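There are 2 protein chains.
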Amino acid sequence: MIEAAVLTIGDELVSGEIIDTNSAIIASSLQKAGVAVRKCLTVGDESAEIAGTLEQLISNYRIIIVSGGLGPTGDDITREATARACGRKLKYNDESAARIEKLFSRRNIKFTDNNFRQAYFPEGAEILDNERGTAPGFKCQQDNTAIYVLPGVPDEMETMLTEKVMPDILKLNSDVKPLIQKKYQVIGLGEAELEDKIKKIISNNTGVYFSFLPRGGVIEIKLTCSPEKEELLSRAERELERKLDSYIFGRGDETLTGKIGEMLKNSSRTIATAESITGGLLGKRLTDRAGSSEFFAGGVISYSRESKIKLLGVPRELLASRGEVDSEVAKLMACGVRELLAADIGLAVTGYAGPEAVDNNVGLVFGGLAVEGRHSSARWNLAGDRKRIRWLTAQFAFNLVRKYLLEEIT
Amino acid sequence: MIEAAVLTIGDELVSGEIIDTNSAIIASSLQKAGVAVRKCLTVGDESAEIAGTLEQLISNYRIIIVSGGLGPTGDDITREATARACGRKLKYNDESAARIEKLFSRRNIKFTDNNFRQAYFPEGAEILDNERGTAPGFKCQQDNTAIYVLPGVPDEMETMLTEKVMPDILKLNSDVKPLIQKKYQVIGLGEAELEDKIKKIISNNTGVYFSFLPRGGVIEIKLTCSPEKEELLSRAERELERKLDSYIFGRGDETLTGKIGEMLKNSSRTIATAESITGGLLGKRLTDRAGSSEFFAGGVISYSRESKIKLLGVPRELLASRGEVDSEVAKLMACGVRELLAADIGLAVTGYAGPEAVDNNVGLVFGGLAVEGRHSSARWNLAGDRKRIRWLTAQFAFNLVRKYLLEEIT
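Chain order of the listed sequences is A and B.
Numbering (the numbering used here) for the first sequence: -19 to 390.
Numbering (the numbering used here) for the second sequence: -19 to 390.
Derived from the structure by calculation, the hints contain no laboratory data.
Careful: at least some of the hints might be erroneous.
Copies of the same chain are indistinguishable here, so a pair counts whether it falls within one copy or spans any two.
[Unchecked claim] Straight-line alpha carbon distances no greater than 20 Å define the calculated EDC-like cross-link-like pairs of lysine to aspartate or glutamate that follow:
hint	residue 1	residue 2
1	180	93
2	367	75
3	144	365
4	367	136
5	223	308
6	245	210
7	179	148
8	162	135
9	202	-3
10	290	319
Small disclaimer: the values here were computed from a predicted structure and weren't measured.
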């Protein structure tokens, strides 16, 4: 497998002022083309540092993609540093200079002498035109290593990567077939518990590589293998699906709200939400995608006790005796909002998000679900800070809906 | 100046599946403490690669901060790789194991043998407890280099960084005076417009470095200088405050919702929200911080036409004749929710978030504000994708409230 490294350059990156999104975009393109990215590096606008890093990478990787430091100002020194790492001189390119000048006049931007800096390239480099900005990129073939140098502005970089760099790499890599990858989205299991559950499947299918990525109450399982092992992968998939069954809520990059939306649409049901602890997050997430008006009837953010009484019809006496964080209250909130908005399903949450809570009960949350003729509640003990507890509350509440629809539809 | 490197670990990072935000958070904390970050690196979950990278870093930097690969599963091998790079053995720590086990039982999560992996540390390491998750971190002092190893989950990492690592580093770095930095949060001006407005202040105060970071409708202005230039900085601050006046809504890391919350509390007012386009985002953001029940009466997510009629009292005829995205509708929604929840202020939004919209009107949004005896509306044309349009809607709606309160309170 061809191995690659990604190098991003900029003081604003090593100072943490800006999050480097280019590395991930580059890495994921390479990955899809069957190139293994072994290392991503970020250094500041410092010539010796860049050149030193590049030299090391040249001796270790067959592909290096560099982004950043191609601008017109004095701190943009990627051109010089790359030439240095390759032991070449910088050479002025008339054609490129004329092209840059033309670009400026077309956009009515003042052209300064600085801009001519962008017309210098390491000797022997192949120039990569930049359709979206003024800084051209270039490619240097150094011994066995191809170095592609691209601007740092994300959309300029991405366009050049897609249109110039990747086709070139695919040629280089035409003998290699990309890896096969399958993803599953799982909810309701801890990471260790999950691995324990499927450890036999993992050991029975050597050749398929399993990885786990937990994020916000969901675990993504990724199965990767070489094209020759495709059959083995299919077997592992079948075993996994059988073992995890309804813990799996999605395939690929499917999201929990996406899945619920789809299930609601397919079964022509509508949902209404009554939110205390989440303050609107359930509704916000249900409407993240267009088309949600088909299944989302609306909601009530019943953050105050009065709103639970007046809008949702939760009895004042119940709230007085059991408090607002209670299973019965959750159920009645769900019933109340279902009726209020004439929806098929009412979903409610109430709990302590912290950091302070009655009786130190941070993370105690109740979910309520109401449908025609019945209602139920669930109790969760969630860990984390306020943000995480609210997020997990939404995840588990959505999972209540999913499990109900699973039973109903299938 | 003490030099540092940041190493983040995870297959999901080098494959580009996840954007590495930890590096920027770590780098910016180090930067503030007067430590120069020279290099950020990312490698996959591969023991030899991690160990090799670490060895190189140890010989070049006095501080190394590592994050990721401390989970309980087989692909989490940062513990082993760090021990290897330091030439130490892994040692089981009873105390830490007991602590992890206790954490699990408190949360009712099943504890499996895998979890004990998290109780192994390189010999001689100092254990750094993780208050938010199960994976403890650790510190290894190797010759002249301090290596801090933290979990990859962003909020766990950040808490440990702030509470355990940075105080330790500040001790190490006590002879260096950190740079002075002041931040302003501005709303209602474009970036070019802002820079034009204050260009004289910038040129009059050489020695103070100005930077602008636009994010989601707000621009953060950062003023940085060396400790010797503190007086100049104060002058620049005074000039800036005079010039930008009420465009400035906050100082430091103050947020728009934080500011509104504070103003509402100070003036003993309550607010209620009626959301169409934002689907719950207003409420969610108002309740992001604890204590919001003091000023947030609750809200209605009137995503459907029926809910605007039944819950908010918007006349059916008005909706039929003018549609749901309309200034009058926005006003009546604000009045309706204010009355329904007996709040001092009613805030409403309705608009087209896209990607599809009536008459190609994606980004057309109306805000409504109702207070005792009067109501008003605002019209915005917002650009961006669905997510950005919804976010900007919230920003501008909150700014309506801020401007109203500014007039009322002062």
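A quick look at each hint next to the structure:
1. 180 x 93: Intra 65 Å, inter 15 Å, cutoff 20 Å: inter-copy only.
2. 367 x 75: So residue 367 and residue 75 fail the 20 Å test inside a copy (46 Å) and across (29 Å) alike.
3. 144 x 365: Between copies only: 17 Å across chains, 39 Å inside a chain, cut-off 20 Å.
4. 367 x 136: Answer is between; shortest inter-copy Cα gap is 12 Å, intra-copy 27 Å.
5. 223 x 308: So residue 223 and residue 308 fail the 20 Å test inside a copy (34 Å) and across (55 Å) alike.
6. 245 x 210: neither (34 Å within a copy, 61 Å between copies)
7. 179 x 148: Neither, since 40 Å and 40 Å both go past 20 Å.
8. 162 x 135: neither (25 Å within a copy, 28 Å between copies)
9. 202 x -3: between (31 Å within a copy, 11 Å between copies)
10. 290 x 319: Answer is both; intra-copy 13 Å and inter-copy 12 Å each pass.
In this structure, the earlier hints numbered 2, 5, 6, 7 and 8 are contradicted, and the remaining ones agree with it.
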